[in-house]
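Enquirer: Sequence:
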Amino acid sequence: MDSTVYPVRGPAVAGWKWARLHNRATTSCSGCEQDMTWAIPEFVGIPAPAMACCTTAHGDLHWANLTSPLRILDWEGWGRAPQGFDAATLYAYTLLKPDMAARVRDAFPILGSRAGLAAEAAVCAQLLQTVARGGNLILADPLRGWSEELRRR
Numbered sequence: 001m002d003s004t005v006y007p008v009r010g011p012a013v014a015g016w017k018w019a020r021l022h023n024r025a026t027t028s029c030s031g032c033e034q035d036m037t038w039a040i041p042e043f044v045g046i047p048a049p050a051m052a053c054c055t056t057a058h059g060d061l062h063w064a065n066l067t068s069p070l071r072i073l074d075w076e077g078w079g080r081a082p083q084g085f086d087a088a089t090l091y092a093y094t095l096l097k098p099d100m101a102a103r104v105r106d107a108f109p110i111l112g113s114r115a116g117l118a119a120e121a122a123v124c125a126q127l128l129q130t131v132a133r134g135g136n137l138i139l140a141d142p143l144r145g146w147s148e149e150l151r152r153r
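Numbering (the numbering used here), first residue to last: 1 to 153.
If you're looking for bench data, these hints aren't it; they were derived computationally from the structure.
You may find that some hints are simply not true.
Across the chosen pairs, the derived CB separations fall in these ranges [what the hints assert, rightly or not]:
1) Arg71 / Glu42: 31 to 39 Å
2) Arg114 / Pro41: 15 to 23 Å
3) Arg71 / Arg153: 29 to 37 Å
4) Thr37 / Thr130: 12 to 20 Å
5) Gly45 / Gly112: 16 to 24 Å
6) Thr37 / Gly77: 29 to 37 Å
7) Arg71 / Glu149: 27 to 35 Å
8) Gly134 / Cys53: 30 to 38 Å
9) Glu42 / Arg153: 14 to 22 Å
10) Gly77 / Ala115: 16 to 24 Å
11) Pro47 / Ser113: 15 to 23 Å
Cβ coordinates follow ideal geometry from the N, Cα and C atoms, glycine included.
Could you put the whole structure together from the sequences, leaning on the hints where they help?
Expert: In structure tokens:
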């Protein structure tokens with residue numbers, strides 16, 4: 001299933017409370033800081049933002065990894081990531097549908113916040129890197145638009 005496609009009657013936003021799980025916060029992200037230090041300036045065009053904290057993350061949360069009733073699939077990439085990483089990933093894979101992207105942003109207040117900037121920049125950089133390698137080409141323009149928004153924040 002294409003990760004950029006979401007179900008027409010996807011999970012209700014109210015049903016996304018699972019994503020607001022309160023995790024034990026830490027400042028260590030299992031090496032992701034090293035990736036962020038070079039990837040964010042390279043692909044987003046801003047210095048890597050400081051991370052407020054890291055939390056447990058799925059690491060690849062997109063529509064193909066969600067079912068109805070709500071189940072989260074494909075956990076092989078889980079670990080620690082900047083707070084808001086999963087929300088930012090879901091948002092990124094929703095950019096082709098602006099109305100749904102707005103609902104995702106509304107459902108996850110970390111998006112658009114100072115605390116969520118590190119996660120948003122990390123996800124945007126990660127996906128722009130895949131675009132540079134020839135993947136996720138359908139998301140290229142929306143990701144570039146998102147990176148412009150992140151540069152203005």
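Enquirer: With reference to the structure, classify each hint as holding or not holding.
Expert: Consistency of the hints with the structure:
With their beta carbons about 35 Å apart, Arg71 and Glu42 fall inside the hinted range of 31 to 39 Å. At roughly 19 Å, the beta carbons of Arg114 and Pro41 sit within the given window of 15 to 23 Å. Hint check: Arg71 to Arg153, Cβ distance near 33 Å, so the stated range 29 to 37 Å holds. A beta carbon spacing of about 19 Å between Thr37 and Thr130 agrees with the range 12 to 20 Å that was offered as a hint.
At roughly 18 Å, the beta carbons of Gly45 and Gly112 sit within the given window of 16 to 24 Å. A C-beta distance of roughly 20 Å is found between Thr37 and Gly77, which places it outside the suggested range of 29 to 37 Å. The supplied range of 27 to 35 Å is met by Arg71 and Glu149, whose beta-carbon atoms lie about 31 Å from each other. Distance hint for Gly134 and Cys53: a CB-CB separation of about 34 Å, consistent with the stated range 30 to 38 Å.
At about 18 Å, the beta-carbon gap between Glu42 and Arg153 stays in the expected band of 14 to 22 Å. A C-beta distance of roughly 22 Å is found between Gly77 and Ala115, which places it inside the suggested range of 16 to 24 Å. Distance hint for Pro47 and Ser113: a CB-CB separation of about 18 Å, consistent with the stated range 15 to 23 Å.
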